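Enquirer: Residue-level listing of the chains:
There are 2 protein chains.
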Amino acid sequence: MDDERRSSSGSESRRRSGRVRRTQPFSEQHHHSTAVPPKFSQRLDRVLSARDSLVCVGLDPDPALMPKALRRLSPKVQLTRFLDGIVKATFDHAAAYKMQLGSYIQYGAEGLEVLARLPKRIGPNRIRILDMKTNDIPNTLRMVHNGVFGKMGFDAITFTPWLGWETLQPFLDDPAHGVFVVAHSSNPGALDFQEIPTPRGPLWLAVVGEVRRLAHAHGNVGVVLGATFSEAFHAARATLGNGIPMLVPGVGAQGGSLATAVREGVDAHGRALLVNASRSILYASSGGDWRKAAGAEAKRLKVQINQLRAGLRTG
Amino acid sequence: MDDERRSSSGSESRRRSGRVRRTQPFSEQHHHSTAVPPKFSQRLDRVLSARDSLVCVGLDPDPALMPKALRRLSPKVQLTRFLDGIVKATFDHAAAYKMQLGSYIQYGAEGLEVLARLPKRIGPNRIRILDMKTNDIPNTLRMVHNGVFGKMGFDAITFTPWLGWETLQPFLDDPAHGVFVVAHSSNPGALDFQEIPTPRGPLWLAVVGEVRRLAHAHGNVGVVLGATFSEAFHAARATLGNGIPMLVPGVGAQGGSLATAVREGVDAHGRALLVNASRSILYASSGGDWRKAAGAEAKRLKVQINQLRAGLRTG
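Chain order of the listed sequences is A and B. Per the numbering used here: the first sequence ends with 315, consecutive numbering throughout. Per the numbering used here: the second sequence ends with 315, consecutive numbering throughout.
Be aware that a few hints might be false.
Said to hold, decoys possible - Label-pair distances were calculated between CB atoms; the ranges are: (1) B/Pro37 with A/Gly150: 32 to 42 angstroms; (2) A/Ala64 with B/Leu70: 53 to 63 angstroms; (3) A/Arg117 with B/Lys292: 33 to 43 angstroms; (4) A/Pro197 with B/Ala217: 25 to 35 angstroms; (5) A/Thr198 with B/Ala310: 36 to 46 angstroms; (6) A/Asn242 with B/His269: 54 to 64 angstroms; (7) B/Gly201 with A/Gln307: 47 to 57 angstroms; (8) B/Asp173 with A/Lys120: 29 to 39 angstroms.
Unchecked claim - Dumping the calculated DSBU-like pairs for lysine-lysine here, alpha-carbon to alpha-carbon at most 30 angstroms: (9) B/Lys151 with A/Lys68; (10) B/Lys120 with A/Lys76; (11) A/Lys39 with A/Lys120; (12) B/Lys120 with A/Lys151; (13) B/Lys151 with A/Lys151; (14) A/Lys76 with B/Lys39; (15) B/Lys299 with A/Lys76; (16) A/Lys39 with A/Lys68.
Stated by the list, open to error - For the chain A half of the interface with chain B, some residues (derived, Cβ under 10 angstroms), not all of them: (17) Gln42; (18) Leu73; (19) Leu205; (20) Gly219.
Just so you know, the hints here were simulated from the structure itself, not pulled from any lab data. These numbers come from a predicted model, not from an experiment. Using N, Cα and C, we set each Cβ at its ideal position, and we do this for glycine too.
Could you put together the complete structure from these sequences and hints?
Expert: Right, here's the structure in full:
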C-alpha cells in the first residue's frame, strides 16, 4: 500500500499526510501551515472526483470465507495478510473503505487490534469509515470520537439516532470528520422503528430531514440508506439536495438494486454517494487468484456505477 | 481476584468455571456433565441473591480522572492496574461489572485489548456486561455474539432496537447469555425517539412490552432504563412483572434518583434490578487510598440499596 500511497497525487492528500514534496510551490506550503482542514463533505467530494469512483469496499473479514491459502495461519497474521491483499488489489478502484466493527469483534482481542491499526495502513488518500452504529450519551460519544478519529485515524463513523439528536454533538463539533446517520437499514426489520409514522412522514424520512439541517450547519453529516429499500432513494435525495452524502449498503449479497441506488441516489453532480460492497469483492475467489479476483470485481463495480452515472448525464 | 474467586462458593460458579472441587458430591459432578446451562435471568437472579447486592460497577476508565499514582504509566499498564485494583476492592459488594465500550475505544488498540481480556480476569462469579448498545443486521450481530460471548467471555450485552426486533434473534438463540434492550436512556435527548407516541403508548413503553413477551419466551432479555427518568419505573415494572431484569444507569454523577429506581424498579422479590454506578465508585479518591475508597463507596451503595429494599418488605 505504501508505494501506491506515495505515487498518488493531489495537494489535499499531501497536506493531510503532513509530507510536503520539494516540488510543491511555496504558496501551497504556506497554505498548508494556515489552512483550516476541509469539512468532511468537501474532502469526500474531492476523493470521489479524484478517484472517479463511488465504490466503498467493505473490509468485513469472515473466517468461514477466507482464501484457502490463508486458512491455516494464526488469526492476526491471516487478518493482516488478507486485508493488506484486498486493499492493495482494490486501491485503484475504491474511494473508501468501510470496516464493520462486528467482523473484528468476532476475532476477539486480536481482531480489534488489527482494526485499530488498519486506517493507518490504508493511508489518508481514501475515506476510512468505521461502521459501528455508535449510540450513547454525549459524554461517552466524546470518548468514541477521540478514539476512532484521534487514536485510530478513521475519517468517518456510522451513528444510530435512538438516543436523540443531542448525542450527535461530539461529532458535529469536529467538521473535518464525518458521521453517517442510519436513516433506513437494509434488513426487513427496518420497518419496526424506522417506518413509524410521524407528523413529518415516516420516521426515517424525518431523520433525513434533520440530517439535511445539520449537514448545512456543519458540513460533515450524511445518511445510511439500505439499497434494498429502493423506493426511498428518490425522496431521500429530494430532501437532502446536493452535496450531502449517502452511504449505501445492501447491494450485492443482500440483493438491493444498484441501478436505483445510483440513478436516484446521486446528487445533481453525480456524486455524494458511496456504494458499499463487501462479500462480492472480498470473496470473489477463494483460490490462489483471490487478490486478482477482488480487484477485478471492484473495477467491475466502479465501471458499472460510472456507466449508470453517465447515462444520467447524457440521457 | 483469583483468591477471591477460589474462595467463593456456589455450585453454579463451579460448574461454569469448569473446575470441580474434590469436596463436591458425586451427584453434583454428574449434574455438571449433563445439565443445560441456566437461562441468563436465572443465573442473574442467583448472583443477586448470593451476593445480596444489586450493585453493578461501571468499569469505565477515564484517563483524566486516574489515581495520581498511575498517571505516568503506559496506557496498557495503567488500565490493567487500575481495573484490577477496582475489581479487587469492590468484589465483595458487586453483583455485576459493566464495561462501556467507548471508554476503551478512547485508548485505541491497547484499550480494546485490555477490554477483550477483562471478563476472564473478573471470572465467572460476577455478571460481566458489555455496554456497546449494539445494533446491526442479524448476520453482523451473529459475529458480535460470537466475539463478545464466545471469544471474550462476557455474560450479557446492551442492545439498541433501531434496526428492528428481528435483529435480536442472534441473542435470543442463546438463552444462557443476556441482552438488555435500551428502552429509555438517561440523557435529555432520549425524548426525540424514545418518547414518540404510538398506539401502544410512548415508544419506550412499547419496547418494554415487547421485551416482556420475548423474555417470557427466551428467559434472557431485559431492559435498560435511565435512573434520571424516574416517572418511568412504575409503568416499566408493572409491564415487565417479576424476574425480567432492568439495568439502570444514571444514578450518581448523572443525578438520577436512586430511591425511586430501587423502590419502583425491583420486582416483588426485591430483585431483577442492577443499579450501575461508575464515576462515583471508580474515582472516589485519586490519592493513595483509591482502592480503599472505591471499595467503601461500593459497599455504601450496596447497603443503601439494601435498606431501600428492606423498607419495601417491612413497610
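Enquirer: Can you verify the interface hint for A/Gly219: is its Cβ closer than 10 angstroms to any Cβ in chain B?
Expert: Hint on A/Gly219: violated, closest Cβ of chain B at ~22 angstroms, above 10 angstroms.
Enquirer: Going straight from one Cα to the other, do B/Lys299 and A/Lys76 come out at no more than 30 angstroms?
Expert: 42 angstroms, violated
Enquirer: Hinted pair, alpha-carbon criterion (30 angstroms max): B/Lys120, A/Lys151. Please report holds or violated.
Expert: 26 angstroms, holds
Enquirer: Is the Cα-Cα distance between A/Lys39 and A/Lys120 30 angstroms or less?
Expert: 20 angstroms, holds
Enquirer: Regarding the pair B/Lys151 and A/Lys151, is the alpha-carbon distance no greater than 30 angstroms?
Expert: 24 angstroms, holds
Enquirer: Does the alpha-carbon distance linking B/Lys151 and A/Lys68 stay inside the 30 angstroms limit?
Expert: OK: B/Lys151 and A/Lys68 at ~23 angstroms, within 30 angstroms.
Enquirer: Are A/Leu205 and chain B close enough, Cβ to Cβ, to be under 10 angstroms, as the hint says?
Expert: 14 angstroms, violated
Enquirer: Taking the CB of A/Thr198 and the CB of B/Ala310, does the distance hold inside 36 to 46 angstroms?
Expert: Cβ of A/Thr198 to Cβ of B/Ala310: about 45 angstroms, so the range 36 to 46 angstroms holds.
Enquirer: Would you settle whether the hint for A/Leu73 is holds or violated, based on the nearest Cβ-Cβ distance to chain B being less than 10 angstroms?
Expert: 17 angstroms, violated
Enquirer: Is 47 to 57 angstroms respected by the C-beta to C-beta distance linking B/Gly201 and A/Gln307?
Expert: 50 angstroms, holds
Enquirer: Per the CB criterion, is A/Gln42 less than 10 angstroms away from chain B?
Expert: Since the shortest Cβ distance to chain B is 27 angstroms, the answer is violated.
Enquirer: Is the gap between the beta carbons of B/Pro37 and A/Gly150 within 32 to 42 angstroms?
Expert: At 41 angstroms between Cβs, range holds.
Going through the hint list in order, the structure does not satisfy hints 2, 14, 15, 16, 17, 18, 19 and 20.
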